[in-house]
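A.B. asks: The primary structure of each chain is shown beneath.
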Amino acid sequence: MSTTYFTKEHEWVRVEGDEGTVGITDYAQKALGDVVFVDLPDAGTEVETGGEIATIESVKAASEIYAPLGGSVSAVNDALNDAPEKVNEDPEGEGWILKMTLSDTAELDSLMDADAYRAYLDTLE
Amino acid sequence: MSETTLTGNRGLQQEEPLLFEQGHPGHSGVDLPEPEPVAERLGGVKRQRDIGLPGLSEPQVVRHYTRLSHMNYAIDSGFYPLGSCTMKYNPRLNEKMARLPGFADIHPFQPESTVQGALELVDLTARWLKTLTGFDGVAMSPAAGAHGELCGLMCIRAALEARGDARKTVLVPESAHGTNPASAHFCGYKVRSIPANARGRVDLEALKGALDDSVAALMLTNPNTCGLFEDEILEIAQAAHDAGALFYCDGANFNAIMGRVRPADLGIDCMHLNLHKTFSTPHGGGGPGSGPVVMTQELANHAPLPWVTEGADGFRLLEHAGDTGSDGAPLGRIKGFHGQVGVFVRALAYMMSLGRDGLEQAAEDAVLNANYLLEGLKDDLSPSYEGPCMHEVLFDDRFLKDTGLTTLDIAKGLLDEGFHPMTMYFPLVVHGAMLTEPTETETRETLDQFMETVKGLADRARAGETAALSEAPRLTPRRRLDETSAARNPVLRWTPPEDQA
Chain V
1 MSTTYFTKEH EWVRVEGDEG TVGITDYAQK ALGDVVFVDL PDAGTEVETG
51 GEIATIESVK AASEIYAPLG GSVSAVNDAL NDAPEKVNED PEGEGWILKM
101 TLSDTAELDS LMDADAYRAY LDTLE
Chain Z
1 MSETTLTGNR GLQQEEPLLF EQGHPGHSGV DLPEPEPVAE RLGGVKRQRD
51 IGLPGLSEPQ VVRHYTRLSH MNYAIDSGFY PLGSCTMKYN PRLNEKMARL
101 PGFADIHPFQ PESTVQGALE LVDLTARWLK TLTGFDGVAM SPAAGAHGEL
151 CGLMCIRAAL EARGDARKTV LVPESAHGTN PASAHFCGYK VRSIPANARG
201 RVDLEALKGA LDDSVAALML TNPNTCGLFE DEILEIAQAA HDAGALFYCD
251 GANFNAIMGR VRPADLGIDC MHLNLHKTFS TPHGGGGPGS GPVVMTQELA
301 NHAPLPWVTE GADGFRLLEH AGDTGSDGAP LGRIKGFHGQ VGVFVRALAY
351 MMSLGRDGLE QAAEDAVLNA NYLLEGLKDD LSPSYEGPCM HEVLFDDRFL
401 KDTGLTTLDI AKGLLDEGFH PMTMYFPLVV HGAMLTEPTE TETRETLDQF
451 METVKGLADR ARAGETAALS EAPRLTPRRR LDETSAARNP VLRWTPPEDQ
501 A
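Taken in sequence, the protein lines are chains V and Z.
Per my numbering, residue 1 is the first one in the first sequence, and the count goes up by one each step.
Per my numbering, residue 1 is the first one in the second sequence, and the count goes up by one each step.
Don't take each hint at face value.
[To be verified] With a cut-off of at most 20 Å between alpha-carbon atoms, the simulated EDC-like pairs for lysine to aspartate or glutamate come out as follows:
#, chain 1, residue 1, chain 2, residue 2
1, V, Lys86, Z, Glu483
2, V, Lys99, V, Asp18
3, V, Lys30, Z, Asp482
4, V, Lys30, V, Glu89
5, Z, Lys190, V, Glu64
6, Z, Lys190, V, Glu48
7, V, Lys30, V, Asp109
8, V, Lys8, V, Asp78
9, Z, Lys168, V, Glu52
10, Z, Lys401, Z, Glu471
11, V, Lys8, Z, Asp203
12, Z, Lys455, Z, Asp379
13, Z, Lys208, Z, Glu232
14, V, Lys99, V, Glu19
15, Z, Lys190, V, Glu52
16, Z, Lys378, Z, Glu452
17, Z, Lys190, V, Glu46
18, Z, Lys455, Z, Asp396
19, Z, Lys168, V, Asp109
20, V, Lys8, Z, Glu174
21, V, Lys30, Z, Asp396
22, Z, Lys378, Z, Asp396
23, V, Lys86, V, Asp39
24, V, Lys8, V, Asp42
25, V, Lys86, Z, Asp482
26, V, Lys99, V, Asp26
27, V, Lys30, V, Asp122
28, V, Lys30, Z, Glu483
29, Z, Lys401, Z, Asp380
30, V, Lys30, V, Glu9
31, Z, Lys46, Z, Glu36
32, V, Lys8, V, Asp82
33, V, Lys30, Z, Asp402
34, V, Lys8, V, Asp113
35, V, Lys30, V, Glu48
36, Z, Lys190, Z, Asp213
37, Z, Lys168, V, Glu46
38, V, Lys30, V, Glu107
39, Z, Lys378, Z, Asp357
40, Z, Lys401, V, Asp122
Please keep in mind that the hints were generated in silico from the structure rather than gathered at the bench.
Small disclaimer: the values here were computed from a predicted structure and weren't measured.
This is chain V alone, in the form it adopts within the complex:
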């Protein structure tokens, strides 16, 4: 049973046990424009909550991906090396960026669920 949470930085994290899969939301990929490169971390990289963990480069700008929660990187989506467009085409599916082993799942309470994120998007318009 997995649950998806969202951040104000327009990232999602799908949590199963103590493993979280991280990506960017559809709103984020639209705002970035065509993604041309994703700079992925090495597996095993340790990161604190809010720390920079990856970089997404689009035709407009390079943007940081922040760790929604602290932990260590357990896997990265190598397919993005050859096909960064997956982030645009399927941001919440095949365009996932990395998986992390979360150090404290209690931190999840600080994130938004899908309804709260939708309400947050409405405030940005």
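For this one, chain V is given, so just place chain Z on it according to the hints.
C.D. replies: Coordinates of chain Z only, in the frame set by chain V:
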């Protein structure tokens, strides 16, 4: 709408293939004698096929580069609202001075006694920079702005360590230049971002909350990258110093305040200057920069070698820490040789020809021109922040809401009208940014023509006449380029047709 021609040329605007595509085997611009036969000693590594250089005559080569130069849009051919980051007008006097043989034909390994003029020039440039900024010391060797940031942070690190108070973190506001966090990270510091307030300036309360005894320095860009003066800078400096941190300022935008404000008076400890940007030397597209760092005496004790000093026997270049007589420990070299002396010549020519009052007027004219655009366009575009602005004015894409058009379309539309576009999509703190810097040299007529053009494009967008913009540019030698494919699948190497099969 585009008429095709037999040649592919349009009038006298000519298509130009690569030199490799024009060459023919056997053609040659020079008459070389047949080589003497030599005994081969290469064993198995002898080249098996032709080296593949194009055979061309001298006029073919001359025409090639002349035609390419015609396709170039430059500050010498038209208005360039990218502004001084890329290029502002370079007075010809600067170039004349840089070509004097005493500057142009010397070598960094020459004995000191034979380059006294060049050393005096370095010293005099340093004095001008210290006088304009109010600082005691300056490191002249950094090669450009980001290198200056690194140099300044290294001096800050050395000074804090000398105090016995080494720290770990550097605070960088959102409105700072993107190189600031990169420099801090490269210097071994952790970077923490400080949010901007609704006025586009540093959120002072958030800054105060983030300042603690782990913070080595705050890096502030002023005027900031939204073209706004950080008007709480005195409180910002006080808060940083109260926490025991040092205050670094990114002085890339010093061209907006030079002659008006001495940054040392604002409580800044250390600041780099982009000589190539502020003092009008040619750069951009790989041209040389120069990023001297002005600093307090405490930091200057650690300034990197070499130092130039004046003594009884003339000017000397101090290349070893022991020669400096400094109590501190100067950093070693951070760059080969003695800094970008050719840029110093041009910057000094600019400073001396304008004088202190002229520099002040150049800053005021740059600010006036940007505010003229802000006032003239504020009802047609969407200014991101209330004015007055400094030397650049920031618009975002709210005025394009529901038109289906983007900042990119407006930029491409400007190309058809004969203008280079402004900076697009930067800074990132606003959506669809259009950062416009007219610089001090543009006439009111040029600014009026530019504003009429931008207004016309905005009117078209709002009136639903979107095709002319979404298909732009239509009149340039190449239509809209596919930037996405170019970035995802770059073709970086030309291969001969016979290899492409």
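A.B. asks: Of the hints given before, which are not true for this structure?
C.D. replies: 7, 8, 19, 24, 32, 35, 38, 39
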